[in-house]
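Student: Using the hints, position chains B, U and W against chain L.
This is what each chain is made of:
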Amino acid sequence: MTKDDTEAEVMIALCARLLEDQKTAFIGFGMPQVAAILAQRIQAPQLVQVFEFGAIGPTPLTPFVRNTMGGPSNCYRSIAWTSMNQIFAQAQIGLMDYGVLGATQIDIYGNVNSTMLGEDYQRPKKRFPGSGGANEVASYCWKTVIIMMHEKRRFVPRVDFVTSPGYLDGMPGARERAGLPADTGPWRVVTSKALFGFDEDSKKMTLLGVLRGLAPEQVVAEMDFKPLVARRVEELPPPTEQELRILREEIDPARTIIGRTAKA
Amino acid sequence: MTKDDTEAEVMIALCARLLEDQKTAFIGFGMPQVAAILAQRIQAPQLVQVFEFGAIGPTPLTPFVRNTMGGPSNCYRSIAWTSMNQIFAQAQIGLMDYGVLGATQIDIYGNVNSTMLGEDYQRPKKRFPGSGGANEVASYCWKTVIIMMHEKRRFVPRVDFVTSPGYLDGMPGARERAGLPADTGPWRVVTSKALFGFDEDSKKMTLLGVLRGLAPEQVVAEMDFKPLVARRVEELPPPTEQELRILREEIDPARTIIGRTAKA
Amino acid sequence: MDVLESGVGEFRFTDPDEVRSWMRTHKGREFVDKTVSEAEAVGRFVADGDYVSFDFSSFTRGPLVLIREIIRQGRRDLWYCAKFTLMESTLLAAAGACSRIDVGFMGLGDTLNRAVEEGKIKVSEWTNGTLTLRHLAGAMGVPFLPTRALLGTDTLKYSGAKVVKDPFGGKPIALVPAVNPDVGLIHVHQADVYGNARCFGPGVSPLETAAASKKVIISTDEIIDHDDIRKDPAKTTIPYYMVDAVVYAPFGAYPGGLPGVYEMDFEHFAGYYAQERQGNLKAYLDKYVYSVGSHLEMLEQRVGLARLNDLRRRATVKEGYR
Amino acid sequence: MDVLESGVGEFRFTDPDEVRSWMRTHKGREFVDKTVSEAEAVGRFVADGDYVSFDFSSFTRGPLVLIREIIRQGRRDLWYCAKFTLMESTLLAAAGACSRIDVGFMGLGDTLNRAVEEGKIKVSEWTNGTLTLRHLAGAMGVPFLPTRALLGTDTLKYSGAKVVKDPFGGKPIALVPAVNPDVGLIHVHQADVYGNARCFGPGVSPLETAAASKKVIISTDEIIDHDDIRKDPAKTTIPYYMVDAVVYAPFGAYPGGLPGVYEMDFEHFAGYYAQERQGNLKAYLDKYVYSVGSHLEMLEQRVGLARLNDLRRRATVKEGYR
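For the record, the sequence lines run as chains L, B, U and W. If you number the first sequence the way our numbering does, the last residue is 264 and the count never jumps. If you number the second sequence the way our numbering does, the last residue is 264 and the count never jumps. If you number the third sequence the way our numbering does, the last residue is 322 and the count never jumps. If you number the fourth sequence the way our numbering does, the last residue is 322 and the count never jumps.
Hints are computed from structural coordinates only; laboratory data are not their basis. Just so you know, these numbers come straight off a predicted model, no measurement behind them. Any given hint might turn out to be false.
[To be verified] Ranges of calculated distance between the beta carbons of each label pair, as one might list FRET restraints: (1) B:Gly173 - W:Ile224: 44 to 52 Å; (2) U:Val3 - B:Thr240: 49 to 57 Å; (3) W:Arg114 - L:Thr59: 33 to 41 Å; (4) U:Glu300 - W:Arg313: 52 to 60 Å; (5) W:Ser294 - L:Pro237: 52 to 60 Å; (6) W:Lys122 - B:Gln46: 41 to 49 Å; (7) U:Val32 - W:Arg44: 53 to 61 Å; (8) W:Ala306 - L:Pro45: 34 to 42 Å; (9) B:Pro253 - W:Lys231: 24 to 32 Å; (10) U:Ser21 - W:Gly43: 52 to 60 Å; (11) W:Lys231 - U:Arg307: 26 to 34 Å; (12) B:Arg158 - W:Gly43: 49 to 57 Å; (13) L:Pro45 - W:Ile224: 36 to 44 Å.
[Unchecked claim] As a list, the in silico DSBU-like pairs of lysine-lysine whose alpha-carbon atoms are at most 30 Å apart: (14) L:Lys23 - W:Lys171; (15) U:Lys318 - U:Lys235; (16) U:Lys171 - B:Lys204; (17) L:Lys204 - L:Lys23; (18) L:Lys126 - W:Lys162; (19) B:Lys152 - U:Lys157; (20) L:Lys125 - W:Lys120; (21) U:Lys27 - L:Lys143; (22) U:Lys157 - W:Lys162; (23) W:Lys165 - L:Lys204; (24) L:Lys23 - L:Lys143; (25) W:Lys231 - B:Lys23; (26) W:Lys122 - W:Lys157; (27) U:Lys171 - B:Lys23; (28) U:Lys120 - U:Lys282; (29) W:Lys162 - W:Lys120; (30) W:Lys171 - L:Lys126; (31) B:Lys204 - B:Lys226.
Idealized CB from N, CA, C, for every residue including glycine.
The following block holds chain L by itself, in its conformation from the complex (with noise of 0.2 Å):
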């Protein structure tokens, strides 16, 4: 990371290259849509977004208006507007190659916690605002790419709590075997640090790649269980200033989305 770029920048750049152009993306409230933008402005600028209330494919005006997901900036010319049950009934049928969201927290297994810490369902220790669409969006899109800050309490052994389906106990067939759509599951994680995969075998989190000026030993030291690690481990450039031009200047001027960096 340079001096100058935020966690959020760095998290938001390495989200958005992995879009490919020309590809359904479920996009999530947020980060991720700062993401999809950032990549139509690169590499994807016929990205099809798709938003949960059923905007499909739109070319969201900019700068980004924070919250407004539904409104008119960011639904602008779109392909379709349609409603929720129709646009996760495409989603269930195989129709949206990724869906992209942010998360609380997620263990080795890529499931994630957006719900509560603790054992009392009734009384959590901590409460969290829940699925929203997540829990479809992982169970039902061909690659998942989670994007989340690189803090050790977000990266546990097991999730309090598994509010929406990684790779369950990681067994061979598991998400099939509890009847989730076949050859789905969480395909990157994406941090402010690092990228991760998922081993094919293991489905165990796996560390593909670093951020420049980092080492694996730095990134996984802020992680509470210990991830495999490629055999080759990529070196991944920080935002170039074509990335931070468009994010800074056109995407959020007022720094809303781009702005924020880890608490901890």
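Tutor: Here is chains B, U and W on its own, set in the frame of chain L:
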């Protein structure tokens, strides 16, 4: 029947009189359409017609255009245009007061056959077009009206094939036991000679009225089963001058529907 | 949740994961020009033995241009989904193109009824509503949907539906299996070259049919700019990635009508009825299908511009159809 | 079709025949003027203990006018359906109006999370998609719908869903029970006095919410002629017979926006966030709800015409929203 009324005109007029203003009515193809338009022109101007392809509340243009059920004349100035799954959902949830259907054959419990005669489903003695949307209408609407030519071969003790449900075997609660919506079922059968209801306890077809000039015995003689007969059988006036004028001059001057007579 | 009853009818069912896998690999998300002639569309996307579905009706916004092309190319053994069907199922059967029918409503005239009586066509029994619901299940990627229709009837007995006890309320309820047709045929008012399509007016199930079908051929009376689609996204009935081919076919619904654009041709249907009653659909097919090389040739040589102009002139009700 | 797993969450379920009976007797098919004030609508149609559903979002086309009125009238023990929810669930909880929540997404800020931690609010776990699907089931008059979401997760475990073996394909599938809310609250762009209503732009589930709910209150930014509805029937989102009350409420979605008409009030939300973080929503409610007698008074005295005009001015994107 006055000398120059056709059987179709009689059936249509008798049926139209049953439809109340400001009620919803699921309308089948052909004769039910003409009856609904006639009702709108006389006592039920705000009858909300509903068609299985999704039109809600049209005020059809006349002359009535045979066949183009989905065309602009028939769907003119609707309240809403939807789709088949949507409109059957509304019927299933109990929003449709009437269903009006034609039928090929009926039995004493109001079960309707529009599928086939014979024993072997794959090699019927005579094959008919099948349910269309009639099964849904007869299952979901609160009061189903069946409109048919009064011919002996059409009123049989037991239909060869139950296409659309009447009171099934006539046992109390038979429809509910099968899983059909409670408190539904055939309400009236309108023919070219008479009007029938169904006995509350035995669920048997019951003669409620006969066309002026006919005796109940004459009507029953042209049925292959003996219906119950109401304590007081109403005398049904033949089509009025107003009804005939509207049918002949406004709705169907080409007589494509109102010109029909029994083949027997 | 025990199965209380199972219909004996044969039915087409595809495992939802197999459907998903198809949708992943065959439904391109690329923005490519998909316009082709009706001959090429049918040649590439309709195979012998396919399960074929259609929307909306032979009288109104039906893809009759594609039905005639299927007959012209001599397809065989189609399994035809007769939901809200009329002329086109009859023509397919008369031409020997289909050997199985899922019955909602059988057709126009007695030709098909006789074919069933003679054992030439195999049928399974459904209803317009449950066949459309099966498409919705297919479009949702779930294996079945529940319905309170069919229950208590022989229609259920000769369908592929099952009756189960609802695990929430305890009452019997019917489940209909999803259908994912091999081919969906849909005529629309407008489409762009990528396949984003608009239908105006009520319709049976254009979106469900497009979403459920593995291969989708759109025929359209107008081609519009992609930019127009983006100016009014609420008007889009079918998004492009569900569509495999776009056939530009003015009067593609002929002899049926396209609401707000042209009326159905009553005289044509009168002639059809007469030939159907005489058992002479061969002559009808010769005239309108086999003896002409294309839809355009049929319109020009068998219908004529004066008649076409007249059908457009009669479509005076425009409200709501744009 | 055995039940393989059952969630332990409490859930609202109404037998479909009971729902039908309600729809038969309470949903009038008469064309009567249903316009009433927000006070009268909430007074007549929202009772303590009701299950309440809402569409679409507090930021976009939400019926905030009705939420504030519910709080003003001091309703208690509501069971709130938090599908795509944000500010309004938080306000209801802060005001002590709701005691149970079906969670899709919890709210705006930590107020609600703390209320759950402290045991002041009981929750059942769902997702935005499955809560919306439950409304679709309720709108279809069926007891459940199947989904391939929820499976394998704790979300399912604390929901009311059940997992069964699909009797067609044999794989496990989740069934979610229908929900028929006591009250559905929907803000729309336009409605006639009978309740025929139009929403423009994408939306979560205005029709499903209206169709499933026993009592439906529409708030609308515009009242239009009934005749206008009939001139463009494809634009009708909700037919009148689903609607019990029509509240004429310009800026009814405030502080959220109405696409194409006015933008959300960012400054207002900034103030809300600040007070929410300080745990001072009492002051917020005092200012915008308790100290004013009506929506109109709130707009006039707490927002002002200059701000309202500015919010309209900012809504420059009109394409598609009419």
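Student: Each hint: holds or not?
Tutor: Checked hints:
1. B:Gly173 - W:Ile224: 44 to 52 Å: holds, 46 Å
2. U:Val3 - B:Thr240: 49 to 57 Å: holds, 54 Å
3. W:Arg114 - L:Thr59: 33 to 41 Å: holds, 39 Å
4. U:Glu300 - W:Arg313: 52 to 60 Å: holds, 55 Å
5. W:Ser294 - L:Pro237: 52 to 60 Å: Cβ of W:Ser294 to Cβ of L:Pro237: about 58 Å, so the range 52 to 60 Å holds.
6. W:Lys122 - B:Gln46: 41 to 49 Å: holds, 45 Å
7. U:Val32 - W:Arg44: 53 to 61 Å: holds, 56 Å
8. W:Ala306 - L:Pro45: 34 to 42 Å: Hint holds: Cβ distance 40 Å, inside 34 to 42 Å.
9. B:Pro253 - W:Lys231: 24 to 32 Å: Distance hint for B:Pro253, W:Lys231 holds at roughly 27 Å.
10. U:Ser21 - W:Gly43: 52 to 60 Å: Given a distance of about 55 Å, which is inside 52 to 60 Å, the answer is holds.
11. W:Lys231 - U:Arg307: 26 to 34 Å: holds, 30 Å
12. B:Arg158 - W:Gly43: 49 to 57 Å: Taking Cβ atoms as reference, B:Arg158 and W:Gly43 lie about 55 Å apart, which means the hint holds.
13. L:Pro45 - W:Ile224: 36 to 44 Å: holds, 39 Å
14. L:Lys23 - W:Lys171: holds, 29 Å
15. U:Lys318 - U:Lys235: holds, 16 Å
16. U:Lys171 - B:Lys204: Distance of about 25 Å is within 30 Å: holds.
17. L:Lys204 - L:Lys23: Holds, at about 26 Å.
18. L:Lys126 - W:Lys162: holds, 27 Å
19. B:Lys152 - U:Lys157: With a Cα-Cα distance of about 27 Å, the restraint between B:Lys152 and U:Lys157 holds, given a limit of 30 Å.
20. L:Lys125 - W:Lys120: holds, 14 Å
21. U:Lys27 - L:Lys143: holds, 16 Å
22. U:Lys157 - W:Lys162: Status holds; Cα separation ~28 Å.
23. W:Lys165 - L:Lys204: holds, 29 Å
24. L:Lys23 - L:Lys143: holds, 11 Å
25. W:Lys231 - B:Lys23: Holds, at about 21 Å.
26. W:Lys122 - W:Lys157: Since the Cα atoms of W:Lys122 and W:Lys157 sit roughly 16 Å apart, the hinted pair holds (cutoff 30 Å).
27. U:Lys171 - B:Lys23: Between U:Lys171 and B:Lys23 the Cα gap is close to 29 Å, so the pair holds against 30 Å.
28. U:Lys120 - U:Lys282: Status holds; Cα separation ~17 Å.
29. W:Lys162 - W:Lys120: holds, 27 Å
30. W:Lys171 - L:Lys126: Violated, at roughly 35 Å.
31. B:Lys204 - B:Lys226: Given pair B:Lys204, B:Lys226 holds - Cα atoms ~10 Å apart, limit 30 Å.
Hint check: a violation occurs at hint 30 only; the rest are consistent with the structure.
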